[in-house]
Amino acid sequence: MIRKAVIPAAGFGTRFLPATKSQPKEMLPIVDKPVIQYVVEEAVASGITDILMVIGKGKRSIEEHFDRNFELERELELKGKERLLKQIRHISDMADIHFVWQRELKGLGDAVACAEHHVGNEPFVVLLGDTVLQSHQPVTKQLLKVYERYQEPVVALEEVEHAKVSRYGVIDGKAITDSVYLIRDLVEKPDPEHAPSNLVVASRYVLTPEIFKHLRTVPRGKNNEIQLTDAMRQLLKDRAMYGLKFEGCRHDIGDRMGFVKTNLLFALQHADMKDEITRFVKDLARTL
-15 MIRKAVIPAA GFGTRFLPAT KSQPKEMLPI VDKPVIQYVV EEAVASGITD
35 ILMVIGKGKR SIEEHFDRNF ELERELELKG KERLLKQIRH ISDMADIHFV
85 WQRELKGLGD AVACAEHHVG NEPFVVLLGD TVLQSHQPVT KQLLKVYERY
135 QEPVVALEEV EHAKVSRYGV IDGKAITDSV YLIRDLVEKP DPEHAPSNLV
185 VASRYVLTPE IFKHLRTVPR GKNNEIQLTD AMRQLLKDRA MYGLKFEGCR
235 HDIGDRMGFV KTNLLFALQH ADMKDEITRF VKDLARTL
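One point on numbering: in this note's numbering, the residue at position 114 of the sequence shown is 98, and numbering is uninterrupted.
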């Protein structure tokens, strides 16, 4: 059973400057909860008990968010705010959470490589810290079920418009069920005219420890960074790899438009906000 997860969260978040000058993009709120907490909750709901976050300069607030705040807890207790107290304590009790620093930002592949000592010789999952996946069954759990069947690496897949494939790692694969693909090749951020498909890797991975050998030897790729996709491409020479078109919806918080849309959608799912937000949206639409 896979019990360890790695959450890379070391990037600068330049698309959100100046908001991210002093706070991580992963700590930007979706209504009343930071993005990265949704990611951790997905991992925990999938049975993960041990989480390593890879952070960088200016990310200390992520550590503080998942640590206990005894002064705040005492204040909430004195004021009888039991519901909020329970929520705050739950954050630090969800899982065994550790942190490691990515000393130089050399790409997603390098961030994952920072987890080698912690992961050891075990398969593990990777969840990108700036993407929320909403589904009836956690997407990570969906991937783990595929791993349990095939005992090979698995990635989450999503169909996107061909014009957008240059933002992602793209697969060339063969469908073996309605939702599972045997991957033949991967390309990192290809030009749309050269992309092998419009099936892209959607920020969740189940990997085996052999990936670290390839992360140590893979040359720098797109944007002069160590690309996880390139290391996975090398891994394909050693073993099979699968992709799963997951059931659910991906909310990409990596850009401002996705962030604003996600906040609106999640606000409409809050019982105490739904009616007022609905009226606001309808009134606003009439003025446009």
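Keep in mind the hints are simulated off the structure, nothing from the lab.
Certain hints may be false.
Calculated cross-link-like contacts (lysine-lysine; reagent style DSBU-like; alpha-carbon spacing at most 30 angstroms) [said to hold, decoys possible]: (1) K229 <-> K(-12); (2) K129 <-> K221; (3) K221 <-> K125; (4) K5 <-> K158; (5) K41 <-> K17; (6) K158 <-> K65; (7) K148 <-> K158; (8) K197 <-> K5; (9) K90 <-> K173; (10) K206 <-> K158; (11) K245 <-> K221; (12) K245 <-> K125; (13) K5 <-> K41; (14) K41 <-> K266; (15) K206 <-> K41.
Label-pair restraints from in silico Cβ distances [unchecked claim]: (16) C233 <-> D162: 37 to 47 angstroms; (17) D169 <-> R(-13): 38 to 48 angstroms; (18) H82 <-> L166: 41 to 51 angstroms; (19) D239 <-> E57: 15 to 25 angstroms; (20) K65 <-> K197: 46 to 56 angstroms; (21) A159 <-> G64: 54 to 64 angstroms; (22) N53 <-> R168: 48 to 58 angstroms; (23) R133 <-> D256: 38 to 48 angstroms; (24) R58 <-> D267: 21 to 31 angstroms; (25) P176 <-> H82: 34 to 44 angstroms; (26) K65 <-> I160: 48 to 58 angstroms; (27) N53 <-> E177: 44 to 54 angstroms.
Even for Gly, the Cβ is constructed at its ideal location relative to N, Cα and C.
So, going through the hints one by one against the coordinates:
1. K229 <-> K(-12): 22 angstroms, holds
2. K129 <-> K221: 23 angstroms, holds
3. K221 <-> K125: 26 angstroms, holds
4. K5 <-> K158: Violated, at roughly 43 angstroms.
5. K41 <-> K17: Holds - the C-alpha atoms of K17 and K41 are around 22 angstroms apart, at most 30 angstroms.
6. K158 <-> K65: 54 angstroms, violated
7. K148 <-> K158: 21 angstroms, holds
8. K197 <-> K5: Violated - the C-alpha atoms of K5 and K197 are around 34 angstroms apart, more than 30 angstroms.
9. K90 <-> K173: 16 angstroms, holds
10. K206 <-> K158: 25 angstroms, holds
11. K245 <-> K221: Measuring from Cα to Cα gives roughly 40 angstroms; hence the hint is violated.
12. K245 <-> K125: Holds, at about 25 angstroms.
13. K5 <-> K41: 11 angstroms, holds
14. K41 <-> K266: Since the Cα atoms of K41 and K266 sit roughly 42 angstroms apart, the hinted pair is violated (cutoff 30 angstroms).
15. K206 <-> K41: 23 angstroms, holds
16. C233 <-> D162: 37 to 47 angstroms: 18 angstroms, violated
17. D169 <-> R(-13): 38 to 48 angstroms: 30 angstroms, violated
18. H82 <-> L166: 41 to 51 angstroms: For L166 against H82, whose Cβ atoms are near 34 angstroms apart, the range 41 to 51 angstroms is violated.
19. D239 <-> E57: 15 to 25 angstroms: 35 angstroms, violated
20. K65 <-> K197: 46 to 56 angstroms: 50 angstroms, holds
21. A159 <-> G64: 54 to 64 angstroms: 56 angstroms, holds
22. N53 <-> R168: 48 to 58 angstroms: 49 angstroms, holds
23. R133 <-> D256: 38 to 48 angstroms: 41 angstroms, holds
24. R58 <-> D267: 21 to 31 angstroms: For D267 against R58, whose Cβ atoms are near 42 angstroms apart, the range 21 to 31 angstroms is violated.
25. P176 <-> H82: 34 to 44 angstroms: 39 angstroms, holds
26. K65 <-> I160: 48 to 58 angstroms: Given range 48 to 58 angstroms: holds, Cβ gap about 52 angstroms.
27. N53 <-> E177: 44 to 54 angstroms: 52 angstroms, holds
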